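Mapping of the sequence shown onto mature numbering (1 follows the signal peptide of the UniProt record, and there is no 0): residues -20 to -1, 1 to 576, in sequence order.
The hints are simulated quantities; they were obtained by calculation from the structure and are not laboratory data. Hints may be right or wrong, so weigh each one.
What the hints assert, rightly or not - Simulated pairs of lysine-lysine, BS3-like, Cα-Cα distance not exceeding 27 Å:
(1) 495 to 405
(2) 48 to 268
(3) 444 to 425
(4) 458 to 405
(5) 129 to 260
(6) 227 to 257
(7) 252 to 227
(8) 264 to 252
(9) 138 to 260
(10) 215 to 180
(11) 257 to 129
(12) 227 to 180
In this text, all values refer to a predicted model and were calculated from it rather than measured experimentally.
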Amino acid sequence: MLQGIAAVALAAAIVCAAQATPPSVTEVKNHQANENNLPACKWLVDKKSNLNRFSALPGGGWDNLRNKDMGKVADISFNDCTLSDDGAYVLPNRVNLLIRKESAVEVMSEVMEHFNNYTSTLSQSINAEASNKVLSINGKLSDEFQQMKSVAVSSKFKMGRTQLRYRLYTAKLQPDFRLSEAFVSRMSDIVSAIASNRTKLARYLSDLVIRDFGTHVVTTVDAGGVLEKVDFFNKDAFSSQEFTNSKLSATMSLNFFSLLNMSAKFEYIATKQNVEKYEKSISKMSIKSHGGPVLGADPSLEDWLKGLKENLVGVDVDGEPLYAVISRRSLPEMPAVFLLQLRKEIEDAVTRYYAANAVKGCQDPNSANFDPTANLDGHCEAPATNFSFAGVYQTCTETRSWLGACSAYGGALRNPISGTFSCPKGYEEVPLLTTTGQTKEKCTKKTTNCYIFFTCDDGYDCEKSTTTLNTFWCAARKGARLRTHSGMVFGGAYATNGRFLNQVTQAASCRELFKPYVIGRDIALCLSMDLHSAARYRLPIGGFFSCRSGNPLAEPSRGLMASSGGLSAESEWPKQCPEGFSQVTLDTVDGCAVMQ
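Construct the entire structure; sequences and hints are all you get.
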């Protein structure tokens, strides 16, 4: 990543609004002592009508994969509040507000050669936190990153970003802060499950905590504003000799300030011709403001700076892992004997959340093996997985075959290559899952003899037939000589009812050249026998496994091109992925996780 910071002298002065005299400390203390019938916060606002609540507060939960605010973890509210040192804001008592004395405006321009070099605009510090083993996927599931990655991959252009950052305040949670009532209640539920030895329930409740409160708690918020311009440009339009790293940085900054009707002087010289050439190379551009007044059609940096203090936002956040808040100080009413186990349950839930969303694969958009869903670096020269996987098939049996439930509801699936309920030559079937399917009922009238010449209805005789679907996938046999271009390519999966979407298409559909093959009740696998044309959109696959059956391709004694025969899938094949692959949950069927 090329990065340069340009020293900028703004032509317009930063205008500081005159502050009204805030209530004195003595006034505040006298009110708290003598006017307890009126809440302190209401009194402060009434006393000084131009007071605002400080809104960029710490104490909330944070999902560090999605960069998203979650449920409140710390017990802070404006029922117990104080005044900031500069008299401008009301804030909760348990929050320290540090006023930044410096008035410098930071301007930075950077060129990102790869989408993985992109960092979050408003949460860079907490994304850099290194408590988790899968550090590199912090922020990779955020809308901001995914939108940027989508454009970068589809256009194959470089990305340049120029930011103007102005930090005015830093809000910090005081040490040993109280936890919110909702969070403490969740901890109490988990401790109750642990105490009664209900380990599965404790695990489930811990996963729900991560879902609702995130992976971290925000302890520090920098408040201010950010102006940002992002360009996608063709770097081949100019030579590296013509545009050195420093000159490109200065050119981007000049272009940025010209759009804001500002002049600037740079330590690095960039000419008007440089700016014009750079502008011609831009294919897509966006300008965003975080904080301050809304930018109009003719944006002005001077106007934005004037209105910034009345429209502050968090421009960076920092924090600690959610499990770090669990201690005897924060949970004094919890039995001390269970606190370590409670902390371990929450820590394990965070780790599971990271692991479930980590996808290892090729992240080079120029490679034929590029995996658009990957967020961890894997091998771009992938093993010959095309030859190790030869599709799936599914059999249908029923409790009463004469009722024809399998014929009526379907469910049986022939292997696309062999056209039968078996694997092609050179491949062996591997059990994947067993699913209870549909139930068909047939009823006939019962009659009895009434008197001599008549019959009477006597209710109904009903029979039910329930289908069972057995799904198998085909793996290459050990030592098998496979013909050239055998096997199938995998292009993702989705649920036909939309419960989950295909990561490749972000919809309940397959890409062109792939066809859906439904297994179980509603899992559609996108497969193709066109090994050449469909390879561009394929996802490298190292087999499947579930809670009941293993993966022969993961045997450590062999490569992906073969699987051992004679071992029991349920007992001997490892329930894991081959080296170089990471497991992803395909679906959970009747309580059994199916992994790919």
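Hints versus structure:
Distance hint between residue 495 and residue 405 is fulfilled; the C-alpha atoms sit about 22 Å from each other, no more than 27 Å. The suggested pairing of residue 48 with residue 268 holds, with an alpha-carbon distance near 18 Å, which does not exceed 27 Å. For a cut-off of 27 Å, the pair hint linking residue 444 to residue 425 stands: about 15 Å separates their Cα positions. For the given pair, residue 458 sits about 12 Å from residue 405 by alpha-carbon distance, which is consistent with the 27 Å threshold.
Taken as a hint, the residue 129 and residue 260 pair is honoured in the structure, with Cα atoms around 22 Å apart against an allowance of 27 Å. Note on residue 227 and residue 257: the hinted pairing holds, with a Cα-Cα distance of about 12 Å set against a maximum of 27 Å. Restraint check: the Cα-Cα separation between residue 252 and residue 227 comes to about 12 Å, which is no more than 27 Å; the hinted pair holds. The suggested pairing of residue 264 with residue 252 holds, with an alpha-carbon distance near 21 Å, which does not exceed 27 Å.
For the suggested pair residue 138 and residue 260, the alpha carbons sit about 14 Å apart, so the restraint of at most 27 Å is met. For the hint pairing residue 215 with residue 180, the CA-to-CA distance comes to about 54 Å; that exceeds 27 Å, so the pair is violated. Taking the CA atoms of residue 257 and residue 129, the gap is near 25 Å; set against the 27 Å cutoff, the hint holds. Our distance criterion of 27 Å between C-alpha atoms is broken by residue 227 and residue 180, whose separation comes to about 59 Å.
Checked against the numbered hints listed earlier, the structure breaks hints 10 and 12; every other hint is satisfied.
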